[in-house]
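2 protein chains.
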Amino acid sequence: MTKPIDFKVTARDGEARTGTLTTRRSIIETPVFMPVGTQGTVKGVRFEWLESEMDARIILGNTYHLFLRPGVEILLKMGGLHKFSSWERSFLTDSGGFQVFSLTKLRKLTEDGVEFQSHLDGSKQFLSPEVSMEIQATLGSEIVMVFDECPPGDAGYEATKNSLEMTARWALRSKEKFNKLQNDGSDSGFLDSADGLSGNQSLFGIIQGAGHLELREESLERTVDVGFDGYAIGGLSVGEEKSVMYEVLDFLAPKMPAESPRYLMGVGTPEDLIEAVNCGVDMFDCVIPTRNGRTGSAFTSRGKINIRNAKFADDEGSLDSDCGCSVCKRYSLGYLRHLYQAGEMTAAILISHHNVYFFLDTMRRVRESIKVGAFQTFRKDFLDRLRENAPEAV
Amino acid sequence: MTKPIDFKVTARDGEARTGTLTTRRSIIETPVFMPVGTQGTVKGVRFEWLESEMDARIILGNTYHLFLRPGVEILLKMGGLHKFSSWERSFLTDSGGFQVFSLTKLRKLTEDGVEFQSHLDGSKQFLSPEVSMEIQATLGSEIVMVFDECPPGDAGYEATKNSLEMTARWALRSKEKFNKLQNDGSDSGFLDSADGLSGNQSLFGIIQGAGHLELREESLERTVDVGFDGYAIGGLSVGEEKSVMYEVLDFLAPKMPAESPRYLMGVGTPEDLIEAVNCGVDMFDCVIPTRNGRTGSAFTSRGKINIRNAKFADDEGSLDSDCGCSVCKRYSLGYLRHLYQAGEMTAAILISHHNVYFFLDTMRRVRESIKVGAFQTFRKDFLDRLRENAPEAV
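The listed protein sequences derive, respectively, from chains Y and H. Residues in the first sequence are numbered consecutively from 3, following this note's numbering. Residues in the second sequence are numbered consecutively from 3, following this note's numbering.
Simulated from the structure, these hints should not be mistaken for lab results. The model shown is predicted, which means the values in this text are computed figures rather than measured ones. One or more hints might be untrue.
It does not matter which identical chain is meant; a pair holds if it fits inside one copy or across any two.
Each computed SDA-like pair below joins lysine to any residue, with the alpha-carbon atoms no more than 25 Å apart [stated by the list, open to error]:
(1) Lys313 with Glu75
(2) Lys182 with Ala170
(3) Lys382 with Leu108
(4) Lys306 with Glu136
(5) Lys313 with Asp227
(6) Lys331 with Phe49
(7) Lys331 with Asp57
Between the sequences and the hints, there should be enough to build the whole structure, so can you do that?
Okay, here's the thing in structure tokens:
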């Protein structure tokens, strides 16, 4: 039986690795940063820019948000998320679990699944491994995530252990339902002509365990036992200390199956990305490039800058003199600050554009450095420069 | 002495005319719709799209807004509005007068000028013919507007007459100050290499008189007596009945100097544009393409549609099946409605884009029809089709 995705590591430098992840819809060079399109759009950045200037090959969609709005019925009628949104490259969809636990109130968690109130209208809703797999089949994403429970970052050993057990049982149920849906043609994104691939969706498992290394190891073993097309690290960057995240990454990532893509969910800053690559992680997503863009905070090679700063009012320089994006090539700090102060949405559009470009371009440079065996040099230089603007951290 | 702009009418069809307006920075085919960039950006539409896909050759900047923020000092330091904003094609700047009378409170109008409170911070500010010319020289726009007083649309004869007298005296002062500024090198947009042109700014006079035809005629004569590079019709679409606007246009436009560009300020809907072209108007500006775009209202060849309408939820069609813009070629009504309902700024970005494109494309079609002597047929067909969606008017 042919596989839904193909992953090949093409070069290593220490634990860091670069490779190619091929889905039915695009060829993705790793390590990769995946821009987040929560509701089917990357906030403020038109697909045209993501495709042409940035050459993003995969973006995220959020099951929780799309389930509530526009809802499964409309997505089904419109032929799935690719046709609905017109993004024809790859989508990764999360399972909805994380949003249920972070965005909603009045949750009732049972072995079956989780009942919750919609953050939009308070309506009662239900998600379970089976429901999540159904929604993700309707969405038709290239990478489907299992439905897991994500405990708080500071969860104690017992709570984490119990949560992990639930996640392990839900992983089995997710896989079982996922396979059924692939077989019965429910995947709206099926592609008959996926060269050498099955044309189906792929399914990634999620490793939990909070900051408890032995639970992380147990979760890893049980997830690998179930068997998935890729493996994700969940439950990091959810409120724990940064040192805990780095400790978990350092311990866990190198133990994850070497021949499968490793995905660190919801992380993070440019520094986090570099450090996780250093532990052997291949895939990332995070809302911060666009979220910060909307509040006037720009990521640059010299650290973050806040466009509201009065010193930029008559500055003819660009956000980042080392950046080649269409915003840095054209627009001055003075102009961007004016747009932001004047409440023009163009400010959010342009700064979000630069930020997403910066994240994608940083990963391109990471890949190049790994290919030539210079990742450690790159890492040191990159992190040193990031700190140049540190006093101004936003 | 060479001229700052060149205007040539190349074809006529009844009173309607098409031609070429050449400024030091661009060649503008007329009739032309000028997108409004109030604060130095066209809301939600990046310059890149305006230049490439839409090929806009001239946009507006608002003196009132730019005077208050970022202010003259910063604009001067940044080298004027072109350098500041990076828009290198033509700018037309208004005089600030209209905004003072429509946006501010506590105005004190004297022969000298008008004292007002900033709508931003309540600070006391002052604008006069001289101050307005100074600001517009700092901005460095290709087309400068005289500082006028604009009475309400329903102003009586006496009030209008008095206002008109003031406007006539201010027109003289505007011209005098303008000439001084051109001579002393205050124009930040001066272009030494403006092929065959002086490289200076041009100055347009404004005809007032509300709905009183004899006052309109008097204002026209007095404005032409002063002598300007172009003539604008002010004080329409300011609250009067639509029939009044059409009556004034019908009476006034054909009497305006035939060899100079005729500019109808702040107007209007696609229907208004066609009717004004029919009276011989060459230039237009209006905020409605972007203002409506932000509220989900799209202009189409079949009239306006409101993207919030539930019937579009699963509609795979585009905003306008006859439109060739990048939004209509790619995005479905269902997707656009979802983005709007979900509060995504991408909705405003995409609908504003389509609307501006629609206005520019309509003017392109107007020009083509005049060239081949088919304007009346075009006009009838265009207006008939516009009414197809009329029951749904927004």
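Going down the list of hints, with the structure as the test:
no.: 1; hint: Lys313 with Glu75; verdict: between (51 Å within a copy, 14 Å between copies)
no.: 2; hint: Lys182 with Ala170; verdict: within (19 Å within a copy, 81 Å between copies)
no.: 3; hint: Lys382 with Leu108; verdict: neither (46 Å within a copy, 60 Å between copies)
no.: 4; hint: Lys306 with Glu136; verdict: neither (40 Å within a copy, 38 Å between copies)
no.: 5; hint: Lys313 with Asp227; verdict: neither (56 Å within a copy, 48 Å between copies)
no.: 6; hint: Lys331 with Phe49; verdict: both (20 Å within a copy, 13 Å between copies)
no.: 7; hint: Lys331 with Asp57; verdict: both (17 Å within a copy, 20 Å between copies)
Checked against the numbered hints listed earlier, the structure breaks hints 3, 4, 5; every other hint is satisfied.
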